[in-house]
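2 protein chains.
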Amino acid sequence: MDYETPLFYRVMEYARAADRDVIDLVSGSPDWDPPEAFRDGLREYADTDQSAFDYGPSPGLHRLRQQIADHHGVSIERVVVTNGTGEANHLAMATGLERFPGNEVVLTDPVYPYYAGRTNLLDAESRFVPVDADDRLDPETLRAAVSATTSVIVVNTPNNPTGGVYDGSAMGKFVDIARTNDALLVSDEVYNRFDYSGRFSSALAADSTGSGPNVVVTSAFSKSMAITGARVGYGLFPTGDTENAGGSVEGAAGNPPDESFVDRVRSRHMLMNVTGSRPVQYAVSRAIEETPASYYERNRQRMADRIDRFCNALDALGAQYHRPDGAFYVLADLPGIGGSLEDAFGLIDEAGVAAMPGEAFGQARADHLRFSLLTPRYEAAVERIADALDRR
Amino acid sequence: MDYETPLFYRVMEYARAADRDVIDLVSGSPDWDPPEAFRDGLREYADTDQSAFDYGPSPGLHRLRQQIADHHGVSIERVVVTNGTGEANHLAMATGLERFPGNEVVLTDPVYPYYAGRTNLLDAESRFVPVDADDRLDPETLRAAVSATTSVIVVNTPNNPTGGVYDGSAMGKFVDIARTNDALLVSDEVYNRFDYSGRFSSALAADSTGSGPNVVVTSAFSKSMAITGARVGYGLFPTGDTENAGGSVEGAAGNPPDESFVDRVRSRHMLMNVTGSRPVQYAVSRAIEETPASYYERNRQRMADRIDRFCNALDALGAQYHRPDGAFYVLADLPGIGGSLEDAFGLIDEAGVAAMPGEAFGQARADHLRFSLLTPRYEAAVERIADALDRR
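Chains as they are written, first to last, in my numbering: chain A, 1 to 392; chain B, 393 to 784.
In isolation and in its complexed conformation, chain A is listed as follows (with noise of 0.2 Å):
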């Protein structure tokens, strides 16, 4: 599997050059508005002096990362502000290879396909745990999984393709694992304001330690606010001496050893990107500021809706799915439509419809699709598979 050219642009590709309408249930934009808050704070970011247009602080805008840590409840050391939770999955991950022993990255399957990609990027090794029937990760099956190669654990929650979310017993021994296998445990909660189940827990919780050295959470403002395209994204690394963060503190890169996780990330994004856009984290603080809780009640509603709609009209087809418990996506197994490439091609040629193969994921639900459901157009969708399916 070529992790490393996401399928999304192919199937996107293939449906923009397909000759007829087709809707779109690919992609992860939301197409809800943004906080008014943050177009206010684009405009009067254009309006202010000069010296607004200099370098911002390369850990991000001291006043975001208040917002944040005051947010998660931490220290604000612990906050990088990146180029959306996708530069802060790297930093994690590529720091974490450095830092704690082994070289194995354990995912699982279905993956996100970006930390699979960036895991041969970083040259390692992927390890990747099946979920279980029910689509969820069992911690035991991820405690057998995990060894002394073990570096880096990534987990997602609300997860991506799957919708599962963990509770903060699952969470507390994801933690566990990490810390007894002496391993990072990166936790994606980029979905967080996304949970239907009422159990989500962060992965900060979880870690009865506080201070964390064996967890590193990752998320962003770009599903919560719809603003994907605005690159704003955080982590909250470890602090505290290297004593307790891992034993391969002298890395391939000559970095001193009293060198803290979150200062030996911060190096790597100064190296990789110096720092991130200034203008739309000004926008995100004055959001943060200014958006009222209903803003986003409102689309997390709208999305339980959309979620439950959305199934009840698979479960008319005779699709074998699980309910999400969060996120934005339905996993699905469609009668007599597979999960390849060729299958996703397929839907949209016959149904007009673009969905993402599951093989795009993984082996593990290579039959399914994956429905995002961005769009109030999703209804129809399943109204236009079900007439492809009786034309057949």
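Mixed in with the good hints there might be a few duds.
Between beta-carbon pairs, the in silico distance windows are [said to hold, decoys possible]: (1) A:E289 - B:E405: 25 to 33 Å; (2) A:T141 - B:S732: 51 to 59 Å; (3) B:P684 - A:Q50: 48 to 56 Å; (4) B:E734 - A:A293: 18 to 26 Å; (5) A:T141 - B:T541: 55 to 63 Å; (6) B:D411 - A:N103: 46 to 54 Å; (7) B:R408 - A:G240: 21 to 29 Å; (8) A:Y9 - B:Y401: 32 to 40 Å; (9) A:D167 - B:A409: 45 to 53 Å; (10) B:W424 - A:P130: 54 to 62 Å; (11) B:S539 - A:Y9: 33 to 41 Å; (12) A:P130 - B:H463: 49 to 57 Å.
Simulated from the structure, these hints should not be mistaken for laboratory data. No residue lacks a Cβ here, since even glycine has one placed at the ideal position from N, Cα and C.
With the hints as your guide, set chain B onto chain A.
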């Protein structure tokens, strides 16, 4: 030399903590206004439809890429829009090390510290080639230093910190040296709008083959549009098959050998950052369209004047230096003042002037200080230094 924690920040922190007014001759951020069209672009973006806030294309907005391609006279396929020149240089160096044989990066001494830090981060060997007595890199000195173990050569023209500008003949030799040694030449040309000699020649122009399998040019709008905080840069990367581009195509990450250099860069960019920030790309695109040539010429002339006046004042001080042909900086050896971090701290304490220690840039000019002229107070700074020397 620990290039991974740039001394910029330590000097600026010391200056901020000083118990007196300090003139900042450290910052690399222009002190003039961005083009009005850049501000207009942000305002316009704030008012656009919801879909404008979705992910942009990973290699950058198409219109912006086309503008960059047109400006340089290359095909759009070569253009990847990056998070500033910093990311472009990172992508170029990382992919160069993967694609060209050897594990050595050849850099000049003095060097822009990020190049050296990035070489460490990428687990490659640095070889430093000292500049000549005139502060310029002699192509024949470079040729003698490059060997079969050289994978990447990085040059910067106009140069930070020396102010050197390479003419077409020198650049042609740099390209030839890269080609004959099966290495990649990375030419960072971010100061290309600030050439006071009229001799600047891009490595693209110097590449007689046109297709450029051994040449990457990087740049950004950070300096030319006075928007260092926006983070909009780009690289122009080789296309074509890998037969032309070095032997080590079976990279560690297992990339297919039929992937072109620019395709590999796009994958790496995607796995590191997914894509860059879209609002600022949009605003830059509008600013390219609408900004008159007089904007760039006015700022070029402003810096040429500052450099003249500053150099005349240095002459009165008896300083040793070479008059910059480009960029924003004067690298000078002041009588009685060294080039260590302690010397820079001393200058803050004694004179209320912050400058970069020469040792931050390597060994060859470790007794110099680098003065950045991005403030109208540069003349007052020289007066303060003269007074401090008189008081000794």
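So which of those numbered hints doesn't the model satisfy?
-> 3, 4 and 5
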